[in-house]
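Asker: Sequence:
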Amino acid sequence: METLETINPFTLAPWEARVQAGVEATPQSPIVLGGLIQIATSSSARNELVGFGVAIERQPPRYRKLRLKTLSVTLGARAEQNPFSAELAAMAHALNMVVGVKDYRITLLTSNKAAALTLRNPRQQSGQEFVYQLYKLIRKLRRNGNQINVRWISTSEDNKLRGLAKEQARAATQEDTIPQKQVPRMKSTTLNIARSQAVPNNDLPANIGRHAKRVDAALPGKHTRQLYDRLSWKEASVLAQLRTGMARLNGYLYRINVADTDQCACGQARETVEHFLFRCQKWTAHRTELLQCTNTHRGNISFFLGGKSPSDDQKWTPNLEAVRASIRFAIATGRLEAT
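Going letter by letter, the sequence shown gives residues 62 to 400 in my numbering.
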């Protein structure tokens, strides 16, 4: 954490003139004293790396032959940097390469709108160090008679120079590439990663809710609101007992030392939710509606209690009719009511 960037209350003095970065093409003056320089920058984040590419096209005065230069720089790990900081770093690096020229009109092209807007109105934000470097370089270039124009271009715009910069940016983030610059970790990226790691896992612990997880492989999920929202308190209580297994059935009551035995009154098996819903002979007459719900899912506890079974696909939704039939069956037997 000792390399974490420092974010100051402000990047520039309030009275310092801001760069007029445009999001559309800016009309240029027809008079070119020294020559033209166009600089395109691009950033890339892949293979757990962040890097940038730069393409510089220089037209010297008196219309001499164009000069083209490209380069790529691996900035750092994705856990420390981001495409926004890489774009600002690319701009600063590019301007530093031409800082000695005089009487040129320099156009800086970027496809990162956030970076362009940040130059126009710097705030108390991540990437301040690069913004400060950029303004320092721009002041020096202007003292040498250069005109500086920063322009945002859309990624859909067919710009050859930007395409070259993008190729270089991707080259900077090839697998096993080693970072070439020592720059502070971006505070925004570091904090976002820390927050994501601090968010508690929504998965149920392995030793908790075994019955519920067997009934519903999609837990926790938004579909539970679908199941409970339109139920009365009594219906919701019955469904919750059946889905969690914490029901007024001997199988559960015996586990919590409330019943003397876990056997069903029918004498055939332990009184579990499955036994109660599908097999106990005491409730055969009440089971007619359940059997009419389906021919293919009979005995499928997930289907009848609104849960997702492992064999269900991504388009699965709970069968609410089957769930209501299960609730009506349980209420009709009176078995889950407090005595």
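Since the hints were derived computationally from the structure, they do not count as laboratory data. Keep in mind that this is a model prediction, so the values were computed, not measured. Among the clues, some could well be false.
Claimed, not checked - Listed below are the simulated DSS-like cross-link pairs for lysine-lysine, each with C-alpha atoms no more than 25 Å apart in a straight line:
no.: 1; residue 1: 283; residue 2: 369
no.: 2; residue 1: 283; residue 2: 126
no.: 3; residue 1: 295; residue 2: 369
Asker: Is it true that the CA of residue 283 sits at most 25 Å from the CA of residue 126?
Answerer: Roughly 64 Å between the alpha carbons, so the hint for residue 283 and residue 126 is violated.
Asker: Compare the distance between the alpha carbons of residue 283 and residue 369 with 25 Å, and conclude whether the hinted pair is satisfied.
Answerer: Holds, because 12 Å separates the two Cα atoms, which is no more than 25 Å.
Asker: Given the hint that residue 295 pairs with residue 369, test it: the Cα-Cα distance must not exceed 25 Å.
Answerer: holds (24 Å)
In this structure, the one hint that does not hold is number 2.
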